[in-house]
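Engineer: So you can see what is in the structure, the chains are spelled out below.
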Amino acid sequence: MNMEDADHRIENTAAGCTMTGVLRLATPGAYERIFNPIHDAMIACKTTYVVDIRGLNFMNSSGITALSRLVLAARKLDLPLRILGAESIAWQRKTITSLRRLHTLLTVDIQDTPAS
Amino acid sequence: MKSVELRVAVRNGDVMRAQYLIVDMYHQNYGILFSNDIVDLNSGIEPYPQSYLLGTVGSEVVAACGLYTRDTYCERYGEVTKDDLQQQLASEGLEARYDVRRTVEVTKLVIRSDYNGRGLGRWLFQAAHSAAFVMRGDEKPPLILCCATRSIFAAMHEASGIRARPLRKFPDYPVHERYRSADNPMDSRLIIPTVDIPPAIWNKPLPCALTLEER
Amino acid sequence: MSISRIHGVFDGAAVEPPLSKFEVKFTPLDLIAHWKRCGMTADFLAYFIAYAFENPKAALNTLSTVINELLENAVKFSANKREPVVLSFDHFGDTIRIETCNTCSGAITQRFDSFLQRLGSEDIEDLFIAQIEQNAATNRSESGLGLITMVKDHNSNLAVSIRPLEVGDAHEVRVRVTLNANEVDQS
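Residue numbers (our numbering), protein chains in the order written: chain A, 4 to 119; chain B, 42 to 256; chain C, 153 to 339.
Bound-form chain A, shown alone (with noise of 0.2 Å):
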């Protein structure tokens, strides 16, 4: 029986990416992987990137670790970037809104409605 199907669901354009579902893998070096694009895409990208996890429910501290470094790259690139977020999940508003710190052109945009 296989019940390891993927809970989580990354899109990719070239202005974003929206993250749903849940996101927990092992190590932050299991995420590199499903980051990767991202990472390309901010090079690529010549606006504000825009990383949308109002629809992802959970993330484990591997998770942020690797979503900060996401925020370094766009600081290294001097990308303004923007990651949207859900007022109703707990860990999004509580944690994410930390990260500004980080990089001087990041917007945290935490949300009254959750994403559709």
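Keep in mind the hints are simulated off the structure, nothing from the lab. No residue lacks a Cβ here, since even glycine has one placed at the ideal position from N, Cα and C. Hints should not be assumed to be uniformly reliable.
[To be verified] For lysine-lysine, the following DSS-like pairs were computed, each having C-alpha atoms within a straight-line distance of at most 27 Å:
no.: 1; chain 1: B; residue 1: LYS210; chain 2: B; residue 2: LYS123
no.: 2; chain 1: A; residue 1: LYS97; chain 2: C; residue 2: LYS233
no.: 3; chain 1: C; residue 1: LYS304; chain 2: C; residue 2: LYS188
no.: 4; chain 1: C; residue 1: LYS188; chain 2: C; residue 2: LYS209
no.: 5; chain 1: C; residue 1: LYS209; chain 2: A; residue 2: LYS97
no.: 6; chain 1: A; residue 1: LYS79; chain 2: A; residue 2: LYS49
no.: 7; chain 1: B; residue 1: LYS43; chain 2: C; residue 2: LYS233
no.: 8; chain 1: C; residue 1: LYS209; chain 2: C; residue 2: LYS304
no.: 9; chain 1: A; residue 1: LYS97; chain 2: C; residue 2: LYS188
no.: 10; chain 1: C; residue 1: LYS209; chain 2: C; residue 2: LYS173
[Said to hold, decoys possible] A short list of chain B residues far from chain A (calculated; beta carbon distances all over 10 Å):
no.: 11; residue: TYR61
no.: 12; residue: ASP81
no.: 13; residue: SER92
no.: 14; residue: GLU101
no.: 15; residue: ARG117
no.: 16; residue: TYR220
Starting from the known structure of chain A, fit chains B and C onto it as the hints suggest.
Structural biologist: Relative to chain A, chains B and C alone:
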């Protein structure tokens, strides 16, 4: 004197016993995790083999070896193609005898550390190349693939008299960095059982037992 | 390091018995063998607890996050993956206590110990940022970020007891997180 009993893991419990020894040792030694479907060699997550050999002393599991019976590692990650296999068969005039769609791969051989250095590894390795393990009740033997460092090929295959035909150099993946090196790269190789494996190994019966010398 | 240490307030016996409690014993190897079991377990236990809350959905998110973090750490850092890790939950009405107990190697315990000293003395927001910057270049799984967020974001009281075992260099490590039940309900 202790005796190690070797059997094919058929029941659920034996499969789990074998998996857990492999997981325990791979995690401890290489930080590798396993999964049945979320597999990623770049981040240290390996696929579980589908079939296992289990070595026990009494009720304790001391050795295990896996067998990929579908989606072999060499084909999935090593860029080995059916054409590569066909070419090797053609060079031996064995196209009719084998089916390139039927491949297996011997993998993840582990010996519990307190049983190291007692000849258990090579004995288990040879049993893993027996018809009793790799044929799994089929009529035709499968083609056996193997992905390993060159030092392993020398210490195991060559030392056992098993010919392993180089197919391709295995790409560099981070998951292997703790055992691969520039001097000791990894290859994908092919073993054609009826011509490459000495009959004494190919016909080795299972289950079997090995008596260990007291240290 | 061969002496016992306590970080934070680690009150031995509770003043009153818990209203609700459970204890689960795991073999770390089970969770190493199938990593998703960490999240599965955290979700299940969080559901169990949050079910009785006024805002189960909000409570669930905080509880599952906290339990998952404690469980992942206990499993990853346990010295012997075949020796049980214990996760316990106690509900005292106003406070909720979640605790893991496992063994750790001497080297890991030492690094954990110095991390806890920083956690106890430095500004938590600064430490969070410092750990991210420091870990950016490495792939170390022991970033401590999980514990920092627990204190920083979930307003939890973190206490850790480290006790050397009689044999070998391993230590018994108990990590206790105490949460305010009302805050969890409104999180």
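Engineer: Hint by hint, note whether the structure agrees.
Structural biologist: Quick rundown of the hints versus the structure:
Pair hint LYS210(B) plus LYS123(B) holds up; C-alpha atoms about 16 Å apart against a cutoff of 27 Å. For the hint linking LYS97(A) to LYS233(C), the alpha-carbon distance of about 33 Å lies beyond 27 Å, and the restraint is violated. The straight-line distance between the Cα atoms of LYS304(C) and LYS188(C) is roughly 26 Å, inside the 27 Å bound, and the hint therefore holds. Taken as a hint, the LYS188(C) and LYS209(C) pair is honoured in the structure, with Cα atoms around 21 Å apart against an allowance of 27 Å.
For the suggested pair LYS209(C) and LYS97(A), the alpha carbons sit about 16 Å apart, so the restraint of at most 27 Å is met. As the CA atoms of LYS79(A) and LYS49(A) are separated by approximately 14 Å, the hinted pair is consistent with the 27 Å bound. Taken as a hint, the LYS43(B) and LYS233(C) pair is honoured in the structure, with Cα atoms around 26 Å apart against an allowance of 27 Å. The hinted pair formed by LYS209(C) and LYS304(C) meets the criterion: a straight-line CA distance of about 21 Å does not exceed 27 Å.
Of the pairs offered as hints, the one joining LYS97(A) and LYS188(C) holds, with about 24 Å between alpha carbons and a cut-off of 27 Å not exceeded. A distance of roughly 20 Å separates the Cα atoms of LYS209(C) and LYS173(C); the hinted pair therefore holds under the 27 Å criterion. For TYR61(B), the requirement that its beta carbon stay farther than 10 Å from each beta carbon of chain A is met, with the minimum near 17 Å. A cut-off of 10 Å between C-beta atoms contradicts the statement that ASP81(B) is not in contact with chain A; the least separation is 5 Å.
For SER92(B), the non-interface assignment is confirmed: its Cβ lies about 17 Å from the closest Cβ of chain A, beyond the 10 Å cut-off. For GLU101(B), the requirement that its beta carbon stay farther than 10 Å from each beta carbon of chain A is met, with the minimum near 28 Å. Listed as a non-interface residue, ARG117(B) keeps its Cβ farther than 10 Å from every Cβ of chain A; the least gap is roughly 15 Å. At roughly 17 Å, the least C-beta separation between TYR220(B) and chain A is larger than 10 Å, which holds for a residue marked as non-interface.
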